[in-house]
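Residue numbers (my numbering), protein chains in the order written: chain A, 258 to 626; chain B, 258 to 626.
The hints are simulated quantities; they were obtained by calculation from the structure and are not laboratory data.
Note that the structure is a prediction, hence the values are computed from the model and not measured.
Errors might be hidden in some of the hints.
[As the list claims (entries may be wrong)] The following label-pair restraints were derived from C-beta to C-beta distances:
{"hint": "1", "chain 1": "B", "residue 1": "582", "chain 2": "A", "residue 2": "333", "range": "39 to 47 angstroms"}
{"hint": "2", "chain 1": "A", "residue 1": "321", "chain 2": "B", "residue 2": "560", "range": "25 to 33 angstroms"}
{"hint": "3", "chain 1": "A", "residue 1": "276", "chain 2": "B", "residue 2": "415", "range": "32 to 40 angstroms"}
{"hint": "4", "chain 1": "B", "residue 1": "318", "chain 2": "A", "residue 2": "621", "range": "30 to 38 angstroms"}
The C-beta atom is built at its ideal place from N, Cα and C for all residues, glycine as well.
Number of protein chains: 2
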Amino acid sequence: MDRSVETVFPGTTASDQISREELQLAARNHGMPLEALRYAVTPLGLHYLLIHYDVPAVDPAAWRLVVDGRVERGLVLSLDELRERPSVTHRVTMECAGNGRARQTPRALSQPWLLEAVGTAEWTGTPLRPLLEEAGLEESAVELVFSGLDRGIEGGVEQRYQRSLPVGEAFGDHVLLAWEVNGQPLPPQHGFPLRLVVAGWYGMASVKWLARITAVEAGFRGYQQVQAYRYRQHPDEAGVPVSRIAPRSLMVPPGIPEFISRRRFVPLGPCRLEGRAWSGWGTIVEVQVSADGGGEWTPAELDPPSGPHAWRRWSLTWEPEAPGDYQLCCRATDETGRSQPLEPRWNLGGYAGTEVQRVEVTVARGMQA
Amino acid sequence: MDRSVETVFPGTTASDQISREELQLAARNHGMPLEALRYAVTPLGLHYLLIHYDVPAVDPAAWRLVVDGRVERGLVLSLDELRERPSVTHRVTMECAGNGRARQTPRALSQPWLLEAVGTAEWTGTPLRPLLEEAGLEESAVELVFSGLDRGIEGGVEQRYQRSLPVGEAFGDHVLLAWEVNGQPLPPQHGFPLRLVVAGWYGMASVKWLARITAVEAGFRGYQQVQAYRYRQHPDEAGVPVSRIAPRSLMVPPGIPEFISRRRFVPLGPCRLEGRAWSGWGTIVEVQVSADGGGEWTPAELDPPSGPHAWRRWSLTWEPEAPGDYQLCCRATDETGRSQPLEPRWNLGGYAGTEVQRVEVTVARGMQA
Numbered sequence: 258m259d260r261s262v263e264t265v266f267p268g269t270t271a272s273d274q275i276s277r278e279e280l281q282l283a284a285r286n287h288g289m290p291l292e293a294l295r296y297a298v299t300p301l302g303l304h305y306l307l308i309h310y311d312v313p314a315v316d317p318a319a320w321r322l323v324v325d326g327r328v329e330r331g332l333v334l335s336l337d338e339l340r341e342r343p344s345v346t347h348r349v350t351m352e353c354a355g356n357g358r359a360r361q362t363p364r365a366l367s368q369p370w371l372l373e374a375v376g377t378a379e380w381t382g383t384p385l386r387p388l389l390e391e392a393g394l395e396e397s398a399v400e401l402v403f404s405g406l407d408r409g410i411e412g413g414v415e416q417r418y419q420r421s422l423p424v425g426e427a428f429g430d431h432v433l434l435a436w437e438v439n440g441q442p443l444p445p446q447h448g449f450p451l452r453l454v455v456a457g458w459y460g461m462a463s464v465k466w467l468a469r470i471t472a473v474e475a476g477f478r479g480y481q482q483v484q485a486y487r488y489r490q491h492p493d494e495a496g497v498p499v500s501r502i503a504p505r506s507l508m509v510p511p512g513i514p515e516f517i518s519r520r521r522f523v524p525l526g527p528c529r530l531e532g533r534a535w536s537g538w539g540t541i542v543e544v545q546v547s548a549d550g551g552g553e554w555t556p557a558e559l560d561p562p563s564g565p566h567a568w569r570r571w572s573l574t575w576e577p578e579a580p581g582d583y584q585l586c587c588r589a590t591d592e593t594g595r596s597q598p599l600e601p602r603w604n605l606g607g608y609a610g611t612e613v614q615r616v617e618v619t620v621a622r623g624m625q626a
Numbered sequence: 258m259d260r261s262v263e264t265v266f267p268g269t270t271a272s273d274q275i276s277r278e279e280l281q282l283a284a285r286n287h288g289m290p291l292e293a294l295r296y297a298v299t300p301l302g303l304h305y306l307l308i309h310y311d312v313p314a315v316d317p318a319a320w321r322l323v324v325d326g327r328v329e330r331g332l333v334l335s336l337d338e339l340r341e342r343p344s345v346t347h348r349v350t351m352e353c354a355g356n357g358r359a360r361q362t363p364r365a366l367s368q369p370w371l372l373e374a375v376g377t378a379e380w381t382g383t384p385l386r387p388l389l390e391e392a393g394l395e396e397s398a399v400e401l402v403f404s405g406l407d408r409g410i411e412g413g414v415e416q417r418y419q420r421s422l423p424v425g426e427a428f429g430d431h432v433l434l435a436w437e438v439n440g441q442p443l444p445p446q447h448g449f450p451l452r453l454v455v456a457g458w459y460g461m462a463s464v465k466w467l468a469r470i471t472a473v474e475a476g477f478r479g480y481q482q483v484q485a486y487r488y489r490q491h492p493d494e495a496g497v498p499v500s501r502i503a504p505r506s507l508m509v510p511p512g513i514p515e516f517i518s519r520r521r522f523v524p525l526g527p528c529r530l531e532g533r534a535w536s537g538w539g540t541i542v543e544v545q546v547s548a549d550g551g552g553e554w555t556p557a558e559l560d561p562p563s564g565p566h567a568w569r570r571w572s573l574t575w576e577p578e579a580p581g582d583y584q585l586c587c588r589a590t591d592e593t594g595r596s597q598p599l600e601p602r603w604n605l606g607g608y609a610g611t612e613v614q615r616v617e618v619t620v621a622r623g624m625q626a
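Working from the sequences, and respecting the hints, build out all of it.
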């Protein structure tokens, strides 16, 4: 009897190597190089990008946002009509739910993220709530289904990318219909002409190329809602839906890299470490740093929070006593007490793999500072 | 005796799988999703990105461009002083020399590009030639060495990224010092505050984060000049330097993708194929398309050239006669007669792997058009 992990858990692999299929995804989807953690707002083009299917070609003149389903007054809005509505700007740290997946064993066969699937952007648009109030939800409405224009086949199902939110969540102040990012019109890859932005949630909730919002009277059963984006230990479980972002901290890898291994080399002497930490559950209240792989921990200094939905900067001066090899780690805790595990907590889809980052560093004499 | 390819050719692998080290590079460096071939100018954030070391942090107020070495008058220029000089805008198709590397067997252990390492941008800056004339090259000068601010270790050598050009090449109209891309200030990842742009050459020549131009009286022997970026069959060879871009054509993969395999599904009926083709050696004069993996070829329609340094659009209506599996290929030829091979032409570094693209397509009845 074949007891390999691929048989017991279809769609996973125990290989330490990456398959051709995973490479195809990694070649399309963009991570944020970790030195970009130095920017409070991620420059356009460095924010992570996960595109399930293709970036669709959208004619903005023909495009409309339709609000329908269990509403009293269906709406059909052009981009100009949306832009005439009151606008706000939210600074939002967004992360892919699969960030860290490629560190897990076995891992789901999907986009093989290591740690780079994150970014912070300033999204400008109009709050969703007044628009829903204008449409008038019927009492039977329990969820809003958001449909994008991106189409593909996944899990054997031909589909548009669709995700839902409970009515209570959709009415929150953290939910925006955005047409600008970092002060510029949305580029195609971020959802032009309109993107839902659900601050605090993993990126799968922030539907790109948004075309339709449908109020429904039963929980949405679409592929991305009930098959994908579930915390499961076994394929037979219904699982727990993925929602808000679990706390994570990452550091700017110090020193200079070796090209292939990405190992870091740092000159002997005081070394300023810095990074960012975030959580979709509440404010980050502590970041600790270890230089010995998680044995001893030292609290880092925290900058003031940079908004309710954005990452928080931390820094610390590290003074290695001697040349040699070190493993640097950082660990964040938020105000709800949620923190990062030291070891992976496995799940079938490879979601929220927030075990601490480990940066291999060689401290050397005689390097240029 | 160990006769494995890794022993005969150190730094290569014959594995069909991708190593952790390669994944680390693929997670940092960005490919252009191929549907972005639909844009004549690649939107910011979709252009390919290859960063050898880290994106450096540069203070534009303190930054200076130094011109020194075998010149009559050394120059030290601020960004403002550069921006006061006459400016031009070039539309340039840029490609990484390693594009296609991961399709080769065995392959060099480096950034594992499939086909996405390309993009076209509009670079604005000042031509290099008048600046060199102002400095006045001494008669002994044979090359210009361009030094970036990005630092790392590669091939055991601690280095800044440096590349040279022969004097004759550096004086060409196709060489620019750019401070804007697509009408915006250079973002950090494209070389802020200043980038050398050498149109027609593979991207390794277009040094980012440019800080120094040094006229030298002997051929530059830096790592990126004599170790990397050489066409070699064996490590002991001196090899032939990589320079201009060999012709290539790519298509927008038609229809919709399956998420993991990226196989394309197309409804039965006429299907408009489109793509772009380019060469650093001359104008593209022909693109041919095959729907049977390279058996029969049909000429595509070519749009007018979009400038001396930019890709050329092609299109063709394909009418599959029946449902089933097809392999689509395209092949470009430039005015010098250079064309794309059908099979890989192997070299040690995995450079210029321009064998034709092969897109697996399933034509199906009953799909949404």
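We went through each hint and held it up to the structure:
Hint check: residue 582(B) to residue 333(A), Cβ distance near 40 angstroms, so the stated range 39 to 47 angstroms holds. The hinted window of 25 to 33 angstroms between residue 321(A) and residue 560(B) holds, with their beta carbons roughly 30 angstroms apart. For residue 276(A) and residue 415(B), the Cβ-Cβ distance of about 34 angstroms falls inside the hinted range of 32 to 40 angstroms, so the restraint holds. The given range of 30 to 38 angstroms is respected by residue 318(B) and residue 621(A), whose C-beta atoms sit roughly 31 angstroms from each other.
Checked against the numbered hints listed earlier, the structure breaks none of them; every hint is satisfied.
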